[in-house]
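Chains as they are written, first to last, in my numbering: chain A, 1 to 116; chain C, 1 to 115.
The set of hints was computed from the structure by calculation and includes no laboratory data. Idealized CB from N, CA, C, for every residue including glycine. Mixed in with the good hints, there may be bad ones.
As the list claims (entries may be wrong) - Distance condition first, Cα-Cα at most 20 Å in a straight line; then the derived PhoX-like pairs of lysine-lysine:
| id | chain 1 | residue 1 | chain 2 | residue 2 |
| --- | --- | --- | --- | --- |
| 1 | A | Lys108 | A | Lys38 |
| 2 | C | Lys20 | C | Lys64 |
| 3 | C | Lys55 | C | Lys66 |
| 4 | C | Lys14 | C | Lys41 |
| 5 | A | Lys3 | C | Lys55 |
| 6 | C | Lys14 | C | Lys55 |
| 7 | A | Lys108 | C | Lys41 |
| 8 | A | Lys16 | A | Lys70 |
| 9 | C | Lys41 | A | Lys38 |
As the list claims (entries may be wrong) - Not the full set, but computed from the structure, chain A residues with beta-carbon under 10 Å of chain C:
| id | residue |
| --- | --- |
| 10 | Ser42 |
| 11 | Leu48 |
| 12 | Val105 |
| 13 | Gly107 |
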Amino acid sequence: AQKVTQAQTEISVVEKEDVTLDCVYETRDTTYYLFWYKQPPSGELVFLIRRNSFDEQNEISGRYSWNFQKSTSSFNFTITASQVVDSAVYFCALSEAPWRNTPLVFGKGTRLSVIA
Amino acid sequence: GAVVSQHPSWVICKSGTSVKIECRSLDFQATTMFWYRQFPKQSLMLMATSNEGSKATYEQGVEKDKFLINHASLTLSTLTVTSAHPEDSSFYICSARAAPTNTIYFGEGSWLTVV
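This is chain A alone, in the form it adopts within the complex (with noise of 0.2 Å):
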């Protein structure tokens, strides 16, 4: 069974500071995808990366970056110099096999505060 686990429920910062949200999974598929999505208080998902099982290399895109690591499945967000619009609740999910036509399994998301 598929399962997303993200142990950090809540996390504070200062502006400015770096933070990392960690995300661990299970499958037992070889080809799955894994993603992050950023929620703010308004409730839409906005869409972060999209991760496929056999891309290990990591990936940076302004201050945010992933490190995926299938040695310890694990797929974690770091966000550098956070700021105060970086507030949100971060999701990280896993889809399998994605030609069987599954849905997205979510962690259970980490609110991220960065206070000014």
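Given chain A's structure and the hints, the job is docking chain C onto it.
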């Protein structure tokens, strides 16, 4: 880019009434749509999977007679909450899987308040 539109964004209804939420893919065909529910400060929980032209598959614990899902076309799925109760108040969000890329897109979500 691809857009999934969900309507209404906010709805308040009286206890015992029914409310319909629409999820529409605007510029692609969605062979599969998913409905999630999110209670305050909780994660998104899958309610059901709907495939165009067939019956929805409901997750364990979700009452199919209470949450009616219809996916009558490749661009529209609807979720009807029947005989709504205050405990049904939640954030409902749909997602659509685009063929043939299988990319998943999310709607903006609908806030339901039952009074």
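Right, here's what the structure says about each hint:
{"no.": "1", "hint": "A:Lys108 to A:Lys38", "verdict": "holds (12 Å)"}
{"no.": "2", "hint": "C:Lys20 to C:Lys64", "verdict": "holds (14 Å)"}
{"no.": "3", "hint": "C:Lys55 to C:Lys66", "verdict": "holds (14 Å)"}
{"no.": "4", "hint": "C:Lys14 to C:Lys41", "verdict": "violated (24 Å)"}
{"no.": "5", "hint": "A:Lys3 to C:Lys55", "verdict": "violated (26 Å)"}
{"no.": "6", "hint": "C:Lys14 to C:Lys55", "verdict": "violated (28 Å)"}
{"no.": "7", "hint": "A:Lys108 to C:Lys41", "verdict": "holds (9 Å)"}
{"no.": "8", "hint": "A:Lys16 to A:Lys70", "verdict": "violated (30 Å)"}
{"no.": "9", "hint": "C:Lys41 to A:Lys38", "verdict": "holds (14 Å)"}
{"no.": "10", "hint": "Ser42", "verdict": "holds (8 Å)"}
{"no.": "11", "hint": "Leu48", "verdict": "violated (12 Å)"}
{"no.": "12", "hint": "Val105", "verdict": "holds (8 Å)"}
{"no.": "13", "hint": "Gly107", "verdict": "holds (7 Å)"}
Violated hints, listed in ascending order, are 4, 5, 6, 8 and 11; each of the other numbered hints is respected by the structure.
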